[in-house]
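Residue numbers (my numbering), protein chains in the order written: chain W, 1 to 236; chain B, 237 to 472.
Simulated from the structure, these hints should not be mistaken for lab results.
A hint or two may mislead.
What the hints assert, rightly or not - Calculated pairs, DSSO-like style, for lysine-lysine (alpha carbon to alpha carbon, straight line, at most 30 Å):
id : chain 1 : residue 1 : chain 2 : residue 2
1  : W       : K212      : B       : K428
2  : B       : K428      : B       : K374
3  : B       : K357      : W       : K121
4  : B       : K241      : B       : K357
5  : B       : K357      : B       : K428
6  : B       : K286      : B       : K241
7  : W       : K50       : B       : K377
8  : B       : K357      : W       : K106
9  : W       : K212      : B       : K312
10 : B       : K286      : W       : K212
11 : W       : K106      : W       : K121
12 : B       : K318      : W       : K212
13 : W       : K141      : B       : K448
14 : B       : K286      : W       : K5
15 : W       : K106      : W       : K76
16 : W       : K50       : B       : K318
17 : W       : K212      : B       : K357
18 : B       : K286      : B       : K266
19 : B       : K428      : B       : K448
20 : W       : K121      : B       : K342
21 : W       : K82       : B       : K448
22 : B       : K266      : B       : K342
23 : W       : K138      : B       : K448
24 : W       : K137      : B       : K373
25 : W       : K76       : B       : K428
26 : B       : K312      : B       : K278
27 : W       : K82       : W       : K141
28 : B       : K241      : W       : K212
29 : W       : K138      : W       : K121
30 : W       : K5        : B       : K278
31 : B       : K448      : W       : K76
32 : B       : K318      : W       : K5
33 : W       : K5        : B       : K428
34 : B       : K428      : W       : K106
35 : W       : K50       : B       : K342
Treat the numbers as computed from the prediction; the structure is a model and nothing was measured.
2 protein chains.
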Amino acid sequence: MKREKISELTTNRLSVYLRCLNELRAAGIKTISSQELADQFKLNSAQIRKDLGYFGEFGVRGTGYSIEELRQHLTKILGLDKVHRVGIVGAGRLGTALANYNGLAKSSFAVVALFDNDQQKIGQTIGVDRIPVYDVKKIAKLVHNEEIDIAVIAVPARVAQRVLNQIMAAGVKAVLNFAPAPLVGRLGVKVKTVDLTTSLESLSYFLALPQKARVTNARRVAAELKRQVVNDKRDL
Amino acid sequence: MKREKISELTTNRLSVYLRCLNELRAAGIKTISSQELADQFKLNSAQIRKDLGYFGEFGVRGTGYSIEELRQHLTKILGLDKVHRVGIVGAGRLGTALANYNGLAKSSFAVVALFDNDQQKIGQTIGVDRIPVYDVKKIAKLVHNEEIDIAVIAVPARVAQRVLNQIMAAGVKAVLNFAPAPLVGRLGVKVKTVDLTTSLESLSYFLALPQKARVTNARRVAAELKRQVVNDKRDL
DNA sequence: CTCTGTGAAGTCATTCACAGCG
DNA sequence: CGCTGTGAATGACTTCACAGAG
């Protein structure tokens with residue numbers, strides 16, 4: 001296992017591979033080759049082998065990968081063998097929706113606290129899990145008491161940087177930001193921004209293109225189509 | 237204006253530039269250089285000039301860019317001079333949260349319909365804007381009647397591909413997908429996936445790293461800052 | 001003979017660096 | 001002069017292609 005720097009593109013893909021492996025396991029399949037796995041999404045098989053290669057040699061030549069074994073390795077690599085405790089700052093619509101989002105509960109993330117500055121909301125609980133809403137001022141205390149290791153920013157853009165500063169001051173090292181703002185992180189703190197407006201505007205750009213440009217979108221689309229066909233065959 | 241293929245990384249940044257310009261305009265500033273703009277987020281000024289250069293020569297040498305003028309150009313380029321009509325499939329927590337999300341209303345996206353298969357929800361309206369919830373079966377009809385040009389998938393992963401197929405059959409060309417599933421699009425249809433689980437698992441990976449690797453050298457962290465904005469250049 | 005693991009080649013993106021306009 | 005626009009250089013990511021393990 002050579003500890004060179006792993007790109008975020010790679011870690012994102014590892015997450016996707018893991019999800020796929022979980023499904024395959026549920027389907028009772030024991031073994032899979034990088035080529036078969038690549039067909040599931042439209043990736044190149046060398047990409048998968050290379051991604052895995054950064055972390056070790058998990059495959060068996062001539063056979064492929066043991067699904068259960070690879071699954072365990074990826075779980076470990078991604079740090080999903082421990083439950084992460086998540087605090088959401090901003091108990092607005094997005095914040096509460098995320099607190100209730102089942103997708104998270106199913107994986108190893110537990111939302112343990114929400115924070116807001118609205119006195120109306122503070123003291124309430126959210127969802128069937130009755131997650132408490134605290135005063136934003138108590139972030140530092142609760143990060144410590146509840147052992148929160150991941151924070152989610154779901155506040156308006158204009159206060160996002162201030163909130164991030166509070167979060168970092170409290171010692172949280174990983175932050176998922178939904179505010180459409182370019183946040184400045186600090187050494188050793190990972191800030192990942194999910195920007196819905198940018199995503200939509202990017203779609204808008206695509207729609208604004210002349211139809212010809214949208215369709216003649218080059219090799220990648222062609223390659224996708226090819227794989228699609230392959231997939232369909234396989235399913236039969 | 238040379239019509240070569242523009243990377244999605246570029247269009248994502250254009251969206252961010254535009255947001256910044258809107259703020260600068262609100263602050264009453266008239267002109268800005270690429271260097272100043274680059275300082276706002278941690279970008280390279282050449283990057284900005286190159287991004288803009290794909291679409292024309294908007295700058296004035298020795299001075300910089302007229303904020304109002306550049307703002308108008310970017311708005312046009314991103315197709316934001318027209319209001320996009322958005323339909324959200326899945327009236328669960330995420331779907332309704334998005335329907336209510338003010339960030340969208342502020343820009344040029346209007347959510348005009350939700351779709352669900354739960355008879356309890358069909359016929360209801362969501363939020364202060366009273367957006368109606370329709371039966372999923374009516375997607376094709378409503379896409380036509382309401383002139384929906386962007387669809388949002390906010391349904392569980394296992395039904396996401398089926399929903400996408402219905403959406404594409406209805407003629408929608410741009411789709412924002414929140415389901416954690418590798419969807420297969422069709423020629424001329426843009427599918428952009430926002431995968432919360434992957435984002436969180438990527439943060440988890442970071443936390444699982446030895447502290448030393450997390451902090452690394454300042455140069456690398458600076459470079460990472462630029463990547464904060466989630467850029468799924470590969471749509472899963 | 002199949003499929004992994006991996007250098008080498010190829011492709012795409014970012015940054016440098018500077019000519020030349022205003 | 002200062003700042004844009006852009007080739008040329010560098011760097012990052014992906015894909016090819018094949019030696020070699022099982």
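Here's how the hints hold up against the structure:
Straight-line distance between C-alpha atoms of K212 (chain W) and K428 (chain B) comes to about 20 Å, which keeps the hinted pair within the 30 Å bound. Straight-line distance between C-alpha atoms of K428 (chain B) and K374 (chain B) comes to about 23 Å, which keeps the hinted pair within the 30 Å bound. Pair hint K357 (chain B) plus K121 (chain W) holds up; C-alpha atoms about 26 Å apart against a cutoff of 30 Å. The straight-line distance between the Cα atoms of K241 (chain B) and K357 (chain B) is roughly 43 Å, outside the 30 Å bound, and the hint therefore fails.
At roughly 27 Å between alpha-carbon atoms, K357 (chain B) and K428 (chain B) fall within 30 Å of each other, so this suggested pair holds. Annotation: proposed proximity of K286 (chain B) to K241 (chain B) holds, straight-line Cα distance about 13 Å (limit 30 Å). The straight-line distance between the Cα atoms of K50 (chain W) and K377 (chain B) is roughly 46 Å, outside the 30 Å bound, and the hint therefore fails. At most 30 Å may separate the alpha-carbon atoms for a hinted pair to count; K357 (chain B) and K106 (chain W) meet this at roughly 25 Å.
The hinted pair formed by K212 (chain W) and K312 (chain B) meets the criterion: a straight-line CA distance of about 19 Å does not exceed 30 Å. Only pairs whose Cα atoms come within 30 Å are accepted, and K286 (chain B) paired with K212 (chain W) is accepted, the gap being roughly 24 Å. For the proposed pair K106 (chain W) and K121 (chain W), the alpha carbon gap of about 26 Å is at most 30 Å, so the pair holds. For the suggested pair K318 (chain B) and K212 (chain W), the alpha carbons sit about 20 Å apart, so the restraint of at most 30 Å is met.
At most 30 Å may separate the alpha-carbon atoms for a hinted pair to count; K141 (chain W) and K448 (chain B) meet this at roughly 26 Å. For a cut-off of 30 Å, the pair hint linking K286 (chain B) to K5 (chain W) stands: about 28 Å separates their Cα positions. Straight-line distance between C-alpha atoms of K106 (chain W) and K76 (chain W) comes to about 17 Å, which keeps the hinted pair within the 30 Å bound. For the proposed pair K50 (chain W) and K318 (chain B), the alpha carbon gap of about 44 Å is over 30 Å, so the pair is violated.
Between K212 (chain W) and K357 (chain B) the CA atoms are separated by roughly 39 Å; this puts the pair beyond 30 Å, and the hint is violated. Of the supplied pair hints, the one linking K286 (chain B) and K266 (chain B) holds, its CA atoms being roughly 21 Å apart against a limit of 30 Å. Between K428 (chain B) and K448 (chain B) the CA atoms are separated by roughly 35 Å; this puts the pair beyond 30 Å, and the hint is violated. Restraint check for K121 (chain W) and K342 (chain B): satisfied, since their Cα atoms lie roughly 25 Å apart, inside the 30 Å limit.
Of the pairs offered as hints, the one joining K82 (chain W) and K448 (chain B) holds, with about 20 Å between alpha carbons and a cut-off of 30 Å not exceeded. Restraint check for K266 (chain B) and K342 (chain B): the C-alpha separation of about 22 Å stays at or below 30 Å, so the hint holds. The suggested pairing of K138 (chain W) with K448 (chain B) holds, with an alpha-carbon distance near 29 Å, which does not exceed 30 Å. The hinted pair formed by K137 (chain W) and K373 (chain B) fails the criterion: a straight-line CA distance of about 47 Å is larger than 30 Å.
A distance of roughly 28 Å separates the Cα atoms of K76 (chain W) and K428 (chain B); the hinted pair therefore holds under the 30 Å criterion. Of the pairs offered as hints, the one joining K312 (chain B) and K278 (chain B) holds, with about 25 Å between alpha carbons and a cut-off of 30 Å not exceeded. Between K82 (chain W) and K141 (chain W) the alpha-carbon distance is near 22 Å, which keeps this suggested pair within the 30 Å criterion. A distance of roughly 12 Å separates the Cα atoms of K241 (chain B) and K212 (chain W); the hinted pair therefore holds under the 30 Å criterion.
Distance hint between K138 (chain W) and K121 (chain W) is fulfilled; the C-alpha atoms sit about 14 Å from each other, no more than 30 Å. Simply put, K5 (chain W) and K278 (chain B) have alpha-carbon atoms about 21 Å apart, close enough for the 30 Å limit, and the pair holds. Among the hinted pairs, K448 (chain B) with K76 (chain W) is consistent with the structure: their alpha-carbon atoms are about 19 Å apart, no more than 30 Å. About 43 Å separates the Cα atoms of K318 (chain B) and K5 (chain W), which puts this hinted pair outside 30 Å; it is violated.
Distance check on the hinted pair: K5 (chain W) and K428 (chain B) sit about 27 Å apart at the alpha-carbon level, within 30 Å; holds. For the proposed pair K428 (chain B) and K106 (chain W), the alpha carbon gap of about 23 Å is at most 30 Å, so the pair holds. Note on K50 (chain W) and K342 (chain B): the hinted pairing is violated, with a Cα-Cα distance of about 43 Å set against a maximum of 30 Å.
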